[in-house]
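Residue numbering for the sequence shown follows this note's numbering, starting at 600 and increasing by one per position.
Simulated from the structure, these hints should not be mistaken for laboratory data.
It cannot be assumed that every hint is accurate.
Stated by the list, open to error - Between beta-carbon pairs, the in silico distance windows are:
| id | residue 1 | residue 2 | range |
| --- | --- | --- | --- |
| 1 | A837 | E813 | 41 to 47 angstroms |
| 2 | V1027 | G872 | 29 to 35 angstroms |
| 3 | K759 | K898 | 31 to 37 angstroms |
| 4 | T835 | S1033 | 51 to 57 angstroms |
| 5 | H942 | E827 | 22 to 28 angstroms |
| 6 | E896 | R984 | 32 to 38 angstroms |
To be verified - Straight-line Cα separation of at most 30 angstroms, DSS-like style, residue types lysine-lysine; simulated pairs:
| id | residue 1 | residue 2 |
| --- | --- | --- |
| 7 | K661 | K769 |
| 8 | K836 | K805 |
| 9 | K820 | K769 |
| 10 | K661 | K713 |
| 11 | K812 | K898 |
| 12 | K836 | K847 |
| 13 | K620 | K805 |
| 14 | K754 | K805 |
Glycine is no exception: its CB is placed at the ideal position from the N, C-alpha and C atoms.
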Amino acid sequence: MFDFENQDLEFKQEYTSDIRKDVIAFANAEGGTILIGIRKDRRILDVVDPDSVMLQIVNSLKDSIVPDIMPFVIVKTKKIEGKFIIVVDVSIGIYRPYYLKEKGLKPSGVYIRKGSSSQPMTDEGIREMIVQSSGKSYEALRSLTQELTFLTLSKELEKKSVDFSSSKMKTLKLIGDDGLYTNLAYLVSDQCEVTIKITLFQGTDKAVFRDRKEFFGSILKQLEEVYEFIDLVNKTKATFSGLDRLDKRDYPQEAVREALLNCIVHRDYSFSGSNIVNIYDDRIEFVSLGGLVPGLEMKSIFLGVSQSRNPNLAALFYRMCLIESYGTGISQIQRAYHNEERHPVFETAKGVFRVTLPNRNEFSELVRLESSDEFEGILEKQKNRILEIALKQGQVTRKDVEELLKAGSTKAFRLLRQLCEEGKLQSVGNGKLSHYVLK
């Protein structure tokens, strides 16, 4: 009368809560039928009080499976050979993947039908099913994490006098059509695990680093904390014109702000890596994942063409007055350097976009020195003073050179490196412990 268990048929001797896994597996695959009251050997048993059992099944499925699976499930009784069985017909769901509410969108809560068994899905399989079933961009997809809080977001919205009700969350695309949090909600939530990493290097290459930091949490929190960190190392140089004092930051604050916002708003969050900020003595590099949106070239960007990869995120930032309008960030960065000798560099490669801001003060000081007729003589005197300190102390550090010559770290590191290349000094150690000894 019945075939053996297979891809779309499951026998259950009696009702247990494990039926939920099979219902989820069928809804996530091609649909199927569960027959309760039949043994694995196809022997028919009699279900006692079928109405009560059906009520248990319906309540269990309704209360424990997310999204709502009931529109795709039919529960009914059938009498065979004078005995009652319960038939649970499951159709393919349109809001896949379905999962156990208590477990969440992870392998322990998501199942798929394979052969005659219901098996947990892998994380990769869950993500792929979300993309296939929705056809949406990353930010509009259902978040794998649904236990989200929004302390940072609510405070920021309150500052901007923006309502944060559940209806407004739908308007802002934080909640999708299925009533669940989207990836956009995940990115601005306190549970966000996408990070920004900052490395502060000594000199103009990656040979020696001074500090490393990684910023976690809501991307709004990361935006504020990363900007504050950069602001601390963004030194001010004072020059005088007659009686007037002129203060000039190493990097224009508006350029730093726009480069950082570009990193956050336009990156491809389907990549699992971190945004990168590299700070050297002569430049800052902002590296974001994703490259340009498919179909655009670098020339298009400079012609003023704008196509946001994350339009919902951009709209949220616009509503919060963090960005002025779409597609103006790069032009604002360029304007900030309009009267400078060096200008920002914008580069793209497969899956990567990089903005490099030059240090205005470091470059102008270098040009001033190197254009002087006495430059070579001054340089040799400074090197000799460094060697004297190394002989006296037994070693010399970059910090010693900075204090000795009242110079910046780039110049100090350059002189030490030249002395190493000339065979007069030797570098010992790495990072903050590095120092130089006579060779």
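Taking the hints in turn, this is what the structure says about them:
1. A837 - E813: 41 to 47 angstroms: Hint violated: Cβ distance 33 angstroms, outside 41 to 47 angstroms.
2. V1027 - G872: 29 to 35 angstroms: Given range 29 to 35 angstroms: holds, Cβ gap about 34 angstroms.
3. K759 - K898: 31 to 37 angstroms: holds, 35 angstroms
4. T835 - S1033: 51 to 57 angstroms: violated, 27 angstroms
5. H942 - E827: 22 to 28 angstroms: At 26 angstroms between Cβs, range holds.
6. E896 - R984: 32 to 38 angstroms: Roughly 51 angstroms apart at Cβ, these two residues miss the hinted range, so it is violated.
7. K661 - K769: This hinted pair holds, its Cα atoms lying about 23 angstroms apart.
8. K836 - K805: Since the Cα atoms of K836 and K805 sit roughly 25 angstroms apart, the hinted pair holds (cutoff 30 angstroms).
9. K820 - K769: Roughly 22 angstroms between the alpha carbons, so the hint for K820 and K769 holds.
10. K661 - K713: Roughly 24 angstroms separates the two Cα atoms, so the pair holds.
11. K812 - K898: This hinted pair is violated, its Cα atoms lying about 34 angstroms apart.
12. K836 - K847: Distance ~5 angstroms between K836 and K847 Cα, so the pair holds.
13. K620 - K805: Distance of about 52 angstroms is beyond 30 angstroms: violated.
14. K754 - K805: violated, 38 angstroms
When held up to the earlier numbered hints, the structure conflicts with 1, 4, 6, 11, 13 and 14 and fits the remainder.
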